[in-house]
Amino acid sequence: MHPLVLLATGYAALLLAAAAALEWLARHTAARSERYRTAGFTYRPDHDLWLCPRDEPLWPYEVDRQHRLVRYRARPSVCNACPVKADCTATHTGREIVRPIDPWPHSEAGRFHRGVSVTLTVLAAAFLVTAIATHHRPPELVVTVPVTALTGWLLWRWARDFLRTPSGFPDTVTVGRNDDGAVDGTDRAPAAVPTRPGPVLVDLIPPSRRRPGTAWGFDRQPAGARYRSTRPGNRRSEEDPQ
Amino acid sequence: MAVTQDGSTGVDRRGLLVSKTWLQAVALVVLLGFAVLGLLAYRTYTAEPPIPDRVVGADGRVLFTGKDVSRGQQVFLHNGLMEYGSVFGHGAYLGPDFTDDYLHRAAESVTRQLGGAGAAQGVEQVVRDFQTNRYDQQTKTLTYTREQAVAFDENVAYYVDFFGDPKTDKGLRPKAITDREQVRQLTAFFSWTAWAASAHRPGKDYSYTNNWPPEPLVGNAPTANVVVWSVLSLIALLAGIGALFAAFGRWGDRLGWRGRQADTLSFRSPDAVTLTPAQRATAWFFLVVGLLFLVQTLVGAASEHYRAEVTDFFGFDLAKLLPYNLVRTWHLQLALFWVAASFLAAGIFLAPIIAGREPKRQNVLAYVLLGAVAVVVFGSLIGEALSIHGVFSEPGSFFASQGFEYLDLARVWQVLLTVGLFVWAAILFRGVRGRLRRDHAGNMPWLFFLSALAIPAFYAVGLLAQSGDNFTHADFWRFWVVHLWVEDFLELFTTVMVAYIFVMLGVVRERVAMTVIYLDILLYSAGGVIGTMHHLYFSGEPAEHMALGAFFSAAEVIPLTFLTVEAWSFLQLGARQEAKSATPFPHRWAVMFLVAVGFWNFLGAGIFGFLINLPIVSYYEIGTALTANHGHAAMMGVYGMLAMGLALFCLRYLIPERHWPDRLARLSFWSANLGLLWMCFATLLPVGILQLYESVDSGYHAARTLKYVTNPTNSVFEWLRLPGDIVFIVGGVLPFLWICWLGVRHTLRRGTRTTLEEPEDMLFTDITVPTEDGREREATAAASSSG
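Those protein sequences? They're chains A and B, same order as listed. Using the numbering used here, read the first sequence as starting at 3 and increasing by one per residue. Using the numbering used here, read the second sequence as starting at 439 and increasing by one per residue.
It is worth saying that the hints were derived from the structure and are not from the lab. Yeah, the Cβ is synthetic: ideal placement off N, Cα and C, and Gly gets one too. Hints may contain errors.
Unchecked claim - Okay, the calculated beta carbon distance ranges per label pair:
hint : chain 1 : residue 1 : chain 2 : residue 2 : range
1    : B       : L824      : A       : M3        : 50 to 60 Å
2    : A       : D48       : B       : L1194     : 53 to 63 Å
3    : A       : D48       : B       : T459      : 33 to 43 Å
As the list claims (entries may be wrong) - Take a look, some chain A residues computed to stay more than 10 Å from chain B by CB distance:
hint : residue
4    : M3
5    : A19
6    : A22
7    : L53
8    : R56
9    : H137
10   : R139
11   : V144
12   : V147
13   : V149
14   : W155
15   : W158
16   : W160
As the list claims (entries may be wrong) - Reference listing, derived: stretches of chain B covered by chain A, where coverage requires no fewer than 3 residues with Cβ under 8 Å from a Cβ of chain A:
hint : stretch
17   : 1032-1043
18   : 1115-1125
Just chain A, same shape as in the assembly (with noise of 0.2 Å):
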């Protein structure tokens, strides 16, 4: 067994390790980054609604296809009547919340982690060919065939999602401007946003809810009896207001 080969195995094991390790941190980071943005918020998946810190509801009532988005937000009348609403939001028509569609690691952030790991990887790989191309006798393969194996696998299993999907940055708009090259001090009115096609909108509702026939557009969600408040004891009129 010429040492060269569990060196290079050795670094490579090491490399992988530091992908995942890397990975998973970065996935943490962006949780955390989430946690900022919506600090004091609590998201119910299985009811696919967020609780404010005061325990309140916001429910869906838009999808952002631009953005990848689902626009979750509370009732305006009790937003207004609450007691700490000046440390929420500044608008009279309810707190707003977010929450992207795709999983990790779809946004910008999350693909240069991922970017990363996906090279960390092929320089895993680099190191394992050399050595398999150089050294092939069978007691050195035996070492050096599995840890190969394992980092094909977890080249393909990253770099699959990685290309397959796009960042999701929104599309640059061009901004409509004189002829001759001036622009004035006012924001003129924004060419239409082109919308690019998305995914089919049904993946985006959960199961539960699912309901042939329905899509999820600018449309305010409908009124619902499914939408009780989930305090105990604590129940009011729950006619959503349009």
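Starting from the structure of chain A, add chain B where the hints point.
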């Protein structure tokens, strides 16, 4: 938002936006840290290895004088030898560590003279000879044994051959130093450092350098202090991380990071932002930044080539013109120059946005500053080339390059650069003075100005290191620049700038940004001020420098891990595009560079830094490739990426929308990051690990020989870097340079309006608030900017 009336001038001064406790905590930590550092400075001077007036052999013959040692040090520095090899572990890594080299040779020679390695009594005698401190305080005379005197003469002859070599197969220029007297003085300097490295401190059983380098022939092994403080610092690190996370878990909510609604912002299209004359002047700064960056990477490639193939450069004898030490000097100096120039320009760019207006002729001052910077850059680089080629015969002259690693530039340029940095701080002060009057001294405009002022202030400390001084205390001041200036105060300035940019872009509110800044100052100062000593374990400072340095710099890793994870997340806030803006977020790639900064801060500074931080690791590792691994990942990963990000932020407004090359920005971002990643993991890290193994296994001396450094295995790793480096230069640097060029090209167009007044909502406009029925109405800007 409290507003207090300033009675004397009647100006309404905005009150402190965060709790006063922050200010008090920061003041306490900083004062305490610098008080300790002051004590350590005193101890450095009182406990450094003394330079004897004369060194005599056993028969009384004077071998060399104290003056020879100082002169020899100047010969070492002015010939750029600290950028070829090292002394006390500090310097470059292609050549040998001369402290260790002299010590090893002398020990071998003495062993031979005493009967060879076979004679056990001889071996013990060697150890006794080297460890006994025969320096007489009264007569200021150091006495060598007869064998050591013979060894000295042998080494003089050896170094005469070494430096007078007409061939270039070591990476030095042919006939680097031919003056016999200078080589003798050089050897005297090496001899003194070797003496300091082996002779025991009075009253202690370890040497002036805490028994570094590891050399069995003279009985140098890790001391108890080295091991114990490594363990204690590791425990401190683990306990500290736990404590910090616990504290944050308990009180984190109070830090005010609670998310407010992502108000819909309407970003001003870059074309709609009218720039001030000084802002347009920064386009030229960024072109200079791009050019210096390109040259820096090219000389970096050249120095890398020496490591891969030391004897020739694709058939051309490069060492005749550009020997290794010259290209490495330029590589290091340019790294500082292009990054600093980018920060200077970004500061000038941000000032009118902060102040809301710009005084007249600010652009003239900016151009003058640019001219001065150009003079310093070209003057110092040319001066270094002349020095290394032996043009300056008088080593202590004002124009000869000083040759300290990172402070290579000549005195005259160092003074001019310091003055230039103060001029820059004055330009900023002039620009934001009005705003400063309207704000409490703890708020962001003041933080911006004060952190900018700290830059020339701490760079000026480097003036205390003179090339003829005792190396121990010169090194002490040098590391104030290399560590405090680079890792603390530049870091502070960049934190303030990034936070300000996020505030300007509406990503976070001012109060939140300030909390981040104060937390940053607090945590970095707690560990980083005293932690400066982690560079000075083995440079002749007493053991308390090592103890405190190890303990506190591990403490530096605690906030670094924590803060970089937090900062990493904080920076990702900017990368989220949620706002329902009429115009898209214009700073996609600038902010992505900031996300990369967060990543590299964690990996390059935190992980790779801690890897070499413990005294017991540094004992075997100092002066080897793991240091280069940390250096590249941290300096390029953090400061380089940040400089590029700031440049893109400013250039976004300098280049008209329809000419903005978004694809090139994307290419530059991905290539620079992946290229750097490749460099670190394909070459620097594995070579470093192998070299550390060799150092522990076969000895430090063996691991630093040219034979080892250029052995076939290492050569393969060095060549493996080529694809990554090509990607970095061609994909990362060239597109960046092109974007900088576009900034200048479009600034040269006549007829573009400029203004001296900036609107309050310069970068994003009034917040639009959706109403119930879906129509949008404008809210007042005042409501949006309220804290």
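*Please write out, lowest number first, the hints stated earlier that are contradicted by the structure.*
Nothing - there is no hint that the structure violates, so all of them hold.
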